Amino acid sequence: MKYSIERATVCIINEQIMPSEDAHNVPNVIQEEWQGSKDSTSFQQQCFEELKEIVCSLPKVIVKDEPFDRILAVFVSVVKEFQERRSLLDPLLPAILPTLIGYVLDPTSSDLLRLDSCKLLYALQEVRGSKAIVNHLPCEVGLVQPVLSLLQRHLDAGDRADSWKEPYVLLLWLNALCQTPFQLYCYQQGGENVGENLLHILVGFFNCRSMLKETAAKVLSSFVTRPDMARYMIELFETCLKEMARLQGSSSSEDTYTLDAWCIFLIRCFKKGRRDDLLEHAGRIYNELKSLDTCAWTNSNDIRRRKFWAKLIQRIGMVFLKPRQATWAYQRGTRSLLVGPSSIGAGETVEEPLAEEDEETFMVESFSPEVDEILNTLFVLLRDKDTIVRWSAARGIGRICSRLSKTLVSNVVKSTVELFSPLHSLGSWHGGCLVLAELGRRGLLLPEQLPSLVGVIQRALYYDGSRYGFSGGTIVRDAACYVCWSFARAFDAKDLQSFDLELARSLVCVMLFDREVNCRRAASAAFQEIVGRLSIFPHGVEIFIHADYYAVASRTLCYTEILVFVAEFSEYTRSLITNLLAYRVSDTDENIRCLAAQALQLLVRFDRLHFLSVVVPELLTMVQSADTTAQHGAILALASVTVALFKQCKNTSGQLAESFNHFHQEVLPVVIDIPKVMEEKGAFSKGRQLMLWTAIADLYENIFLEGKVHTSYEQMHSILQLLEESLLNSDSKVRFAIARAYRAMGTNMDNFLRSSHATEINLDVNLKLNAILCAKVEHKCIASILIVGSLSKGVLAPRMDKVITILISCFKDETYRRLWWEAKETCLIAMRNFCLTFVPSTDQAAAERMQLLAGHFYKIYDHQIVASKLKERTFKGDVTLRIRRAAIENIREFIKHAIRHNLFMMPDRIAVGFKQLITESLDGNLTQRQIACDCVSELLLLDPLSSSIPCYHDLVDIFLSKDENGQNPTWELETFAYTRLSKLLSLSYYQYGALFGYIIAAGSASVSLSTITSKELLNYFRKMRNIQWKLKEYFENFLQVCSDNAQFKWFALPMLRVLEKLLLSEFTDDRLESQLYASYLERILYLADVCWTEAKNIPVLEARISVYCDCIQPFQRRLASFAIQRTLSYLTHPFPVIRRYAAERLFERLTMITMSDSTLMVNVFEILEQTDWNTAVEDVELTRDQLVSLLNTIVSG
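In this text, residue positions in the sequence shown follow UniProt numbering: the first is 1, and each later residue adds one.
It should be emphasised that the hints constitute simulated quantities derived from the structure, not laboratory data.
Treat the hints with caution; some may be incorrect.
To be verified - Subject to a maximum C-alpha distance of 30 Å in a straight line, what follows is the list of computed DSSO-like cross-link-like pairs (lysine-lysine):
| no. | residue 1 | residue 2 |
| --- | --- | --- |
| 1 | K776 | K686 |
| 2 | K650 | K733 |
| 3 | K1049 | K1061 |
Just so it is clear, the structure is predicted and the values come from calculations on it, not from any experiment.
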């Protein structure tokens, strides 16, 4: 549709609600909107005209026998355009409904026309709703019989699956007809009593499909609850009970639906029927329903059965109780926002409740065993596992309590409060909240009950209900917010005045800190409702303006900006801190724990003394607990709080200074010893080591790197020893986290290099360096590398050359250590740490800077380029991928490091590093390609590099320009990446590396990647055909790449696959007459002959055979003879699959070329085709020799 629904809404308002003569009274903005929406009238008109056309042309469609499904699909699609603004359909209904009803009622209409008309009516009611459609249906008494006749026809024809929509619409219509005020019992038509006929037909629909059963049950209940149909209701009660007794034990789905339909019938009868008619039968019906043991009403596995039982017994209970107004009930508070506490004058008083009736008389009349039993059953269902059942039970308790005495309702409230026990399930808590909300909505909660209720609700607001690592308390907290929301409508401000601060703090904590967004929004709504109606919360307006429905949707925003704003108000500061400590620091969600730590850091400035005296000791106590999540959260919080205290408590005086000194001297050593305490308690052996060690690393970095804290040698030595032992017994990710902690703690070593401990430190460092060279197990080597890479600047400086030499030697080792890929990756990470550790001071002379470059930086930088070229594939895949990834990230960081600290790098070295980054940007691995392209893009944005990078402006155009949609480049998409990067093939400096990447990608096993890259690679060959010198340069670089890497296992197969595609695409007969192409063909044949292969590698052997066969060219007989001899040698290969493949490819190739002697060629074809190449090698050797002789004769001729 051309126009939006919103525009159509303005149209309807313009046309129907606002008369044209009143347009001048409308505000200017709306008038401008109306004026601008003149064209939008066509949207609604277009829809209406299309729908009218479909309805009017329906008989013609039936006559022409056109497919109705297509027309129905169009009708439904147009109607669903109004799904968001359903009321816009209302002007259309009077126009098309009479036409459709006419089709249904017309005696001359065909059955197909009636059915299709009902389908259109069903589509309308599905969007607009049945009530709106029924309101437009005619309800004359004369229409009862025609509708019944149509329903009877459907019953007579059987319940067909394709025609259920027609009786469904007719039943909705009949439901409206049943409620018209005329005597159906006395109404006769055609000699039949319409009432009895209607009853018979409706009961017959209980044997149809499930939706028709439920609709028929609703219509039947509307019919028998009429005042003149009371005797039929009693008769149907008997029928209903018999049917339910018959169906109770059935496992059939149809019988289950029938039983549900009878339940719906009873529920609606007791809801709409007269109490005088129902009272004498209610007890008997209730007892008989209870006696249906097989139904297991409260314990049934069917959720609908339990829900229907809750609805049914509450309606029966309402029949037992006489309708009366509970005069003792609380006169509810302000119902209009226009009448708030501020609008009540000084001399005015709030109206008091009415006088209460005689309590004893009311209790005697209202209390009965059935009511007591029903309430007990509803309380059982209130703890059901399904929310919909609990909702029904809560509403039932609220309805029944509205007719009970004050004492009995007080007992109900006490029983509800007992549900909020830690021993009870989540369902009990949720059900209790729903009951309290329902009672409050009806004014059945009294002010004297508020002290106990507020405490219960506060516990429910923080209910978590974690079981087996999963949290299930969301619905409880949401329902608790609903109770608070209902308090604003149930009580006056004076009643809640005593609890305003408690509720305000609890709601603020929930709307800021809750894990789920719907709970935060529910708390925000409750807070806003209380502030808007009662104005009892301190600073309420300011808070809910910042923490509105949309703001609290962002969890990060709640824990940062909104938190800081709310903490500015002293009434809330302590409660926020307490809530974070009690619930969020130990939350089961790791993200919540991290956010809680950040939040505590932000709150330090509001109450520093409280943090020093209360918060930090509490966090240390949590570290001692056995709960791993609590330990993790406490360590994170300590890390954040500690750095904030160091920043904000220095240079203070008074009590704050004394507390900070105590913290620094007494508490901080305990914080530093946390890993030792956790090791003694076995916390690291319980799993989740990565989480704990990451938190400890954050803690140490904040203490030693941010806070510049110094510790004693004994404490440092013991912690470092613990970290070294842990490094030997961890996986890779945990090792890096421990290395971070070691690096932070190791900064203390510089303080002892001139003390008596210097000799011990130097000896220990030398042992670590020797351990790298002497390690027999990879993980020990990795641990030593990480330790050496984490040493402080003062310890590394005297032995920097030795350290770098040892790390580089790990890449040159050709023994069993050659396969230690993770150790090599760790070496690269350690090298990066070295370069970032030795940051030159800005006041150093240029000569000292150049010495640093020449001495260490260039040596490490050059090794990164070497490491980025390392490739190796095993059965695990590309095992060097992570090494190359670390290398290219190091190249980027080193170049940025040099620019940032004004280290003049030689342009040629920058160019070489950039060239390698370009090569890696064509990697077939998505993540590697993305990282490499991001590295290139980031470096291109550095202005000082523009003169050092060859083809700078061309690279900017490739890597930084937007795509055709104006979006940033999406390098993870293969189609976009390799199409955009194909421009690199035209840049001479980067052509070698680009060809290297394209060859590997074009020969990969991925079909999509191979197709895209092969297309770009060969397209460039086609573009250069007419430019001889460029084509020669391109061929030379292409063949040079293949020649340099042909001996590698990982390159052989992609190269052979690309060579095969190149031979088929470029080396045609007319081009082979050129000496240039002939020389290239010879070099390609040579590459296929010398590339890596092994006897058992079938894919490589097949690719080599394909290249040999494609080199058989009639105009190059010498090369053809060589290629044929190579191919024939595979006819006696030990693997039958290779022999068959060689014979098939040779047969295919020879059929595509023309040789001189056609008779000999026929003999060759017969031999290749008729020989069984699956037989033993000895049996096919003679055949091979015969083919050699024939083909030599053909080629030489």
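Consistency of the hints with the structure:
Pair hint K776 plus K686 holds up; C-alpha atoms about 29 Å apart against a cutoff of 30 Å. Using a Cα cut-off of 30 Å, the hinted pair K650 and K733 is violated, with the two alpha carbons roughly 36 Å apart. Taking the CA atoms of K1049 and K1061, the gap is near 20 Å; set against the 30 Å cutoff, the hint holds.
Hint compliance for this structure: hint 2 alone is broken.
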